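Now for the letters of each chain:
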Amino acid sequence: MSQSQTAERRARPFPPEAPAIVLDHVNKWYGTMHVLRDVSMNVAQKERVVVCGPSGSGKSTMIRCINRLEIHQEGRIVVDGTELSDDLRALDTIRREVGMVFQSFNLFPHLTILQNLTLAPIWVRKMPKAEAEELAMNYLRRVKIPEQANKYPGQLSGGQQQRVAIARALCMKPKIMLFDEPTSALDPEMIKEVLDTMIELAESGMTMVCVTHEMGFARRVADRVVFMDRGEIVESGTPERMFEHPETDRLKGFLSQILRGH
Amino acid sequence: MSGTAQIDPVPATAGATPAPVIEERRHAAPAGGPWAWARLNLFGSWWSTAVTLGLGALIVLWGVRLVEWAFINAVWSVPYNASGQPQTAACQEARGVGACWAIITDKYRLILFGRYPYEEQWRPAICIALFIGLYVVSAMRRFWRRELVLIWLVTLAVIGLLMWGGVLGLAFVPQDSWGGLPITLILATFGLAFSFPLSILVALGRRSTKLPAVKLLCVLYVELIRGVPLISLLFMASVMFPLFMPEGVNIDKVLRAQIAIILFAAAYLAEVVRGGLQALPKGQYEAADALGLTYWQKTGKIVLPQALRLVIPPLVNTFIGFFKDTSLVLIIGIFDLLLSGKIALSEPAWQSFSTEIYIVLAVIYFAFCFAMSKYSRGLERELGRATRR
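Those sequence lines, one after another, are chains A and B. FYI, the numbering for the first sequence is 1 to 262, going by our numbering. FYI, the numbering for the second sequence is 263 to 651, going by our numbering.
Chain A with its partners taken away, still in its complex shape:
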């Protein structure tokens, strides 16, 4: 992407009236441990947010609250206009619209790649099998591994598995994609293929929230970077502003550690 395109993307206004995700004073405890402290954040439609922070900062917990893999105890979370609650129907609606990619892929090892992809469209979306398979092959081509369709996850490399996991989430045609450290479990030589897939997805206009330490990825696609530490959002802004002019000492410390690590 050229510099001018990037500038254009940055300048694109996000309509404030219809955010894709709203987190409003969200609090969560594990026992006595306060893991999310008054977290408030809006994600606009088609916005791409990268969440970073040291381990144990609550970033994974926050993203997992968005599709209720974790349950928050205080505050409101509204996804695509539906508030998360104990209402199972609301939860079903939200999970259909929100795709998730995990650090450890979590493909279903007893199903072939194709079956992994068609399972949810067939059973949740009630799509006919042939149609679901066509859709799945389309996405496999998009992540560039259509030839692996009839293999089992255990026969694929980590990078391939993660691309399958992305394709699996996309088969549900989600409006929002959540990525929970998608490249952290990968060998270095496989990180690029997964990031390329994610960049392509970002450029297609998907709403994305991505927990990652890949700063290159953040610079390239993120509209906004959110820095979390000890359960709270410390600072947020455009990647350029965040990485080049960090305001808080905590972000400065984090960035210096990240850079030392690379």
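Bear in mind the hints are in silico, worked out from the structure with no lab data behind them. Keep in mind it's a predicted model, so treat the numbers as computed, not measured. Accuracy of the hints is not assured; some may be wrong.
[To be verified] Here are the simulated distance ranges between beta carbons:
id : chain 1 : residue 1 : chain 2 : residue 2 : range
1  : A       : 138       : B       : 639       : 36 to 44 Å
2  : A       : 237       : B       : 406       : 43 to 51 Å
3  : B       : 575       : A       : 42        : 50 to 58 Å
4  : A       : 27        : B       : 490       : 44 to 52 Å
5  : B       : 644       : A       : 237       : 50 to 58 Å
6  : B       : 404       : A       : 216       : 50 to 58 Å
7  : A       : 138       : B       : 408       : 29 to 37 Å
8  : B       : 575       : A       : 138       : 36 to 44 Å
All C-beta atoms in this analysis are idealised placements derived from N, C-alpha and C, irrespective of residue type, glycine included.
We have chain A; now place chain B onto it with these hints.
Only chain B this time, still in chain A's reference frame:
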């Protein structure tokens, strides 16, 4: 034999440095096939040779005596007197040196079919064949389709029809007269066919986080049933249960024992299944949740296929245990295979030949149990092949 051999190199090498021996082994093993292996492991030293020869002599001696007893000196049939009584003098004479298989040729129908009317015993015989056919069909993955349920229902209906009769010109045979192998197969087949699904529900219930009442019920069920011996459950089913039933309601004895067996087996199987559920990585549940699958879709498509595969060995272990435990129904007077065998021994002429009867019973039980274990190993291999790296 290799067990003894592994011990001997220790005294032999205790004085010397051990390294050359290891070297020697590594080179010797692939070199010369079974002979080299035997020389190294069985005749490695004079002490090892002595143990090998001593044990070898014992095995040969026992083997020869077993063959003599079971085949060469065995009495295969005995004459009958005018009133049809077996004349067992030949067997009595051979006692200790030869088996009396004549008791089997004389009593095999009693052992296999119990007190089922003699002329009608072709009916339970067909039932046994149907049961075995049903097992074979169910074992083939080719038949793992919806139709299999239909095959089961039809087969079981036909078995019921044959055993009871009373229609199509078949004489009615009350359940009190059933016995032998069909009873054992009925108890085992229905027992496992019903207890397995029940155990899955109990295991799922016990892990439920959203339904505490269901969870409590499942915990209570498992702990209560597991805490008492099967025999006491069978007694309860046979003696106490009728006391609680209203006047005139009478559930037959086999059915009551069957229910007791189902409940007992389900409690054990539930814990095995729960082990599989716990062994499944949390990420599998989360991935299924994130895709929007409902609880039952997640359980049926993702969780159970993987969890049950993980616990095939302990599952089959429990299956085999319960197949044999069905023999406990003899204490409440149900004529299963084992009790039929005991009845066969009650005739005065045959009383002293229990060994032969029990050997035959053991062989029958072994055949079924070994088939189960062999099949499960094959299944593990087959299911494991696809997912292994």
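Hints that the structure is at odds with (numbers, increasing): As far as the earlier hints go, only 2 is violated by this structure.
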